[in-house]
Amino acid sequence: MKKTVAEYHIDYLQILDPDGNVQGELPAFARYPHELINLYQRMTLTRVFDTKAINLQRTGKLGTYASSLGHEAAHVGMGSAMHEKDVFAPMYREYGAQFCRGVKMSDVLMYWGGDERGNNFAGPRQDFPWCVPIATQCLHAAGAAMAMKLRGEKRCAVASIGDGGTSEGAFYEALNLAGAQQLPVVFVVVNNKWAISVPLHLQTAAKTLAQKAIAAGIPGIQVDGNDVIAMRATMEAALERARNGGGPALVEAVTYRLSDHTTADDATRYRPQEEVDEAWKVEPLERTRSYLISIGSWDDGKEQALLADCARQVDEAVNEYLATDRMPVTAMFDHMYEELPEAMQDQRETAIRYDRSGGHH
Amino acid sequence: MPGIALIEGVTMALAHELSHDESVVVLGEDVGVNGGVFRATAGLQQRFGKERVMDTPLAEGMIAGMSVGMAAQGMRPVAEMQFMGFIYPAVDQMISHAGRLRHRTRGRLSCPMVLRAPYGGGIHAPEHHSESTEALFAHIPGVRVVIPSSPARAYGLLLAAIRDPDPVVFLEPKRIYRLVKQEVEDDGVALPLDVCYILREGDDVTVVTWGAMTHETLKAASELESDGINCEVIDLATISPLDIETILESVEKTGRLVIVHEAARTCGVGAEIAAQVAEQALYDLEAPIQRVTGYDTVMPLFRLEMEYLPSVARIKDAVKVTLEE
Chain Y
1 MKKTVAEYHI DYLQILDPDG NVQGELPAFA RYPHELINLY QRMTLTRVFD
51 TKAINLQRTG KLGTYASSLG HEAAHVGMGS AMHEKDVFAP MYREYGAQFC
101 RGVKMSDVLM YWGGDERGNN FAGPRQDFPW CVPIATQCLH AAGAAMAMKL
151 RGEKRCAVAS IGDGGTSEGA FYEALNLAGA QQLPVVFVVV NNKWAISVPL
201 HLQTAAKTLA QKAIAAGIPG IQVDGNDVIA MRATMEAALE RARNGGGPAL
251 VEAVTYRLSD HTTADDATRY RPQEEVDEAW KVEPLERTRS YLISIGSWDD
301 GKEQALLADC ARQVDEAVNE YLATDRMPVT AMFDHMYEEL PEAMQDQRET
351 AIRYDRSGGH H
Chain V
1 MPGIALIEGV TMALAHELSH DESVVVLGED VGVNGGVFRA TAGLQQRFGK
51 ERVMDTPLAE GMIAGMSVGM AAQGMRPVAE MQFMGFIYPA VDQMISHAGR
101 LRHRTRGRLS CPMVLRAPYG GGIHAPEHHS ESTEALFAHI PGVRVVIPSS
151 PARAYGLLLA AIRDPDPVVF LEPKRIYRLV KQEVEDDGVA LPLDVCYILR
201 EGDDVTVVTW GAMTHETLKA ASELESDGIN CEVIDLATIS PLDIETILES
251 VEKTGRLVIV HEAARTCGVG AEIAAQVAEQ ALYDLEAPIQ RVTGYDTVMP
301 LFRLEMEYLP SVARIKDAVK VTLEE
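If you read the sequences in order, they're chains Y and V.
Read in the working numbering, the first sequence has 200 at position 200, and its numbers run on one by one without any break.
Read in the working numbering, the second sequence has 126 at position 126, and its numbers run on one by one without any break.
The set of hints was computed from the structure by calculation and includes no laboratory data.
Any given hint might turn out to be false.
Some chain Y residues flagged as far from chain V (calculated, every beta-carbon gap over 12 Å) [what the hints assert, rightly or not]: (1) HIS34; (2) ARG117; (3) PRO199; (4) ALA323; (5) PRO328; (6) ARG348.
Cβ-to-Cβ under 10 Å is the rule here; a few derived chain Y residues that face chain V [stated by the list, open to error]: (7) LYS3; (8) MET336; (9) SER357.
These figures come from a predicted structure and were not determined experimentally.
Ideal Cβ placement from N, Cα and C applies to all residues, glycine included.
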C-alpha cells in the first residue's frame with residue numbers, strides 16, 4: 001500500500017503591487033493613511049541614511065558598510081510590527097527595522113566606523129547586537145524565546161537572516177528547536193537573491209525559502225518583501241500568534257539587493273546590470289508613494305519636506321558620529337569580564353604604555 | 001620577471017595544482033565567478049570550469065565536512081573559508097574527523113585536504129574579520145597549520161600543503177596580502193613543510209614570529225641594528241608541528257629568545273615555543289624569554305586595532321629587556 005501521508009503548500013502574499021495598486025483587501029492598520037505615511041517616512045529615512053553612509057565610506061570617514069538599499073519595506077515592515085518589549089536578533093543590514101526599535105543612526109555609524117559603542121543601543125536594551133557570523137543569531141532568538149516561554153511572558157523574539165544564511169546548520173537547528181518547543185519566535189528570511197556573489201539557485205534547489213519551515217513543523221509564508229503593507233500585516237499576525245502561545249513561524253520576504261553586498265564588494269563582477277534594472281522597477285518606496293498619492297495623502301510638497309527632514313536628521317547623526325573621539329586603549333579591557341581579572345592587569349598597563357595615540361585620541 | 005604579491009602566490013599555486021593534478025578541486029563561498037572576496041581565486045573558474053572551482057552554499061561546516069568526504073575518496077580539495085572569523089563551524093570537522101580519519105581507520109582512509117583562510121588584523125575590517133586563532137588549530141592532533149609570510153613562501157608552502165597526504169590548515173596573513181612584491185617563478189617547486197625559515201641572521205637575540213608580524217619584527221631588527229643589536233629573525237612558517245630544532249640551534253647561539261605573535265597571549269603558540277625551549281635549552285638562556293603578543297581581550301573593532309597588534313616599539317623593548325643585566 002502506498003498513500004500520501006502529508007501534503008503542504010506555501011502561500012504568497014502581496015497587497016500593494018509594484019504599480020501601487022491594492023490587490024484584495026487592505027489590512028486594518030492600512031486603512032489609516034497616517035499609518036502608511038509613517039511607514040513610508042521610515043523607509044525614506046532609511047534610504048537617505050543608507051546613501052549618506054555609503055558616501056561616508058567612499059570618502060574614508062566610515063569603514064566597510066553593508067547597504068540596506070531595496071530592503072526598506074521588508075525591514076520597516078518587520079520592525080514596525082514588533083512591540084518594544086519584544087527582542088530582535090538581526091544580521092547586519094536591517095537598519096529600517098532597528099530604527100523602528102530606537103537604534104540610533106549614530107549607533108550604526110559607530111559600529112561600521114570601528115567602534116564597539118555602536119552595539120550599545122540606547123533604545124532596545126535587550127536586542128542582540130549586529131551578528132556577522134551568518135545564521136548564528138537564529139539560535140539566540142530561539143533561546144530568548146525559550147526564556148520568555150519559561151517565564152510565561154507575552155513577548156516574542158524575531159530573528160532576521162538572508163537567503164544565504166538558510167544554508168547554515170544554525171538556521172535549521174533554530175527552526176527545529178522552535179517547532180519542537182513551540183517557542184514564541186518568528187524567523188524572517190530576507191531573500192534578496194544574492195549571498196555576495198552566489199545566486200539563490202546555487203544556494204538551494206528549494207522552490208521557496210518559506211518551505212524550509214515545513215520540515216520543522218512550523219508555518220511558513222512567502223511575502224512580497226517590497227510591499228510594506230503585506231510585510232507589516234504578515235509580521236503583525238505572526239508576532240501576535242507567537243506572543244499568545246501559538247508558536248513560531250517563518251516569513252520569507254522576497255526582495256532584491258539593489259546594492260553591492262558591502263562597500264568592499266563590486267557586484268558588477270558577477271551580476272548582470274539588466275537584472276538590477278528590472279529589480280529597480282519593483283522597489284518598495286515608489287509603489288508606496290504612488291498609493292499614497294492615489295488616495296490623496298501625499299504630494300510633491302510633502303515629499304520635498306520629507307526628504308529635507310530626513311537629510312537634516314541624517315546630518316545630525318553624522319555630525320554626532322564624526323565628533324566622537326576614539327575610545328582610550330583601556331577600552332579593550334573594559335567589559336571583558338564584569339571585573340577585570342588580576343592576571344590581566346599587566347597587559348592593560350602594557351597597552352597604556354604603548355598607546356600609539358600618546359593618550360590623545 | 002614582474003614581482004607578485006603574497007595573494008598572487010596563492011593564486012599561482014592553486015592554478016599550478018589545478019593544472020597538474022586532476023584530483024585538486026577548489027571550493028568555497030564566492031571563489032568562483034567572483035574569484036574570492038580577496039581575489040585569491042581570481043580567474044580560476046573561467047580557466048578550470050565550475051566543477052573544479054566551485055561556489056558552494058553558504059555553510060562553513062558543510063564546506064569542511066564535504067572536503068573530508070572528498071579527501072577520503074582520494075581527491076585533494078582546497079577549501080576556502082572566507083574569513084577566519086567564520087571558520088569555527090568547520091572546527092568540528094577538523095577536530096572530530098580531518099585530524100583523526102587516518103588514525104582511527106588505521107591508515108585505511110586519509111584526509112589530504114587544505115583549509116585556507118585569510119586571518120589577522122590591521123586592514124580596517126568589520127567585526128569578526130580580524131582575529132588570529134591559529135593556536136586553536138595547532139591544538140588539533142593530526143592537522144598541520146601553515147602560515148606563509150612572503151609571496152615565495154605562499155606559493156611554495158601552498159603547493160606543499162596541497163600535495164601533503166594529511167590535512168593542512170593554511171592561514172594567509174591578509175594584512176600583507178599585497179604589501180610587498182617578489183619575483184616568484186611558477187616552477188611547481190614546493191617548499192618544505194615542518195621547518196622554520198631564518199629571515200635574518202644575528203648573534204645577539206633570537207626573535208621567532210610568523211605571518212604579518214614578520215614585517216614588524218624585521219623592521220624592529222633593522223632599527224636595533226643601528227643600536228648595535230643583531231637579531232636573528234625566524235619565521236615559524238609551520239605552526240604545528242613545530243620545528244623546534246632550528247629555534248634551539250639559534251638560542252644556543254644567542255642565549256636570548258623573544259616570541260612575537262598577533263594572537264592573544266594565553267595559550268598562544270608562543271607559550272608552546274617557550275615551554276619547549278625551557279624544557280630543552282634552559283641552560284642556554286641568558287635571560288628570561290619574552291613574549292610580545294596581542295592581549296587576552298576580544299580583538300577590538302578597527303578604531304583600536306592597531307593598539308592591539310604588537311608594535312615595532314614593543315618588539316624592540318622586549319629585545320632590549322633580554323639584553324639587560
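Hint-by-hint comparison with the structure:
Every CB of chain V is more than 12 Å from the CB of Y:HIS34 (nearest about 38 Å), matching its label as outside the interface. Here Y:ARG117 does not stay apart from chain V, with its beta-carbon only about 9 Å from theirs, under the 12 Å limit. With a minimum CB-CB distance of about 9 Å to chain V, Y:PRO199 fails to clear the 12 Å threshold, and the non-interface call is violated. At the 12 Å boundary, the C-beta of Y:ALA323 stays outside the reach of chain V, the nearest C-beta of that chain being 14 Å off.
Separation of Y:PRO328 from chain V is inadequate, the least Cβ-Cβ distance of about 9 Å not exceeding the 12 Å criterion. Some Cβ of chain V comes within 12 Å of the Cβ of Y:ARG348; the nearest lies about 8 Å off, and the non-interface call is violated. Of the supplied interface hints, the one on Y:LYS3 is violated, with its beta-carbon coming no nearer than about 33 Å to a beta-carbon of chain V, more than 10 Å. The beta carbon of Y:MET336 is positioned within 10 Å of a beta carbon in chain V (closest approach about 5 Å), and the interface hint is therefore held.
Using the Cβ-Cβ criterion of 10 Å, the hint placing Y:SER357 at the interface with chain V is satisfied: the shortest such distance is roughly 8 Å.
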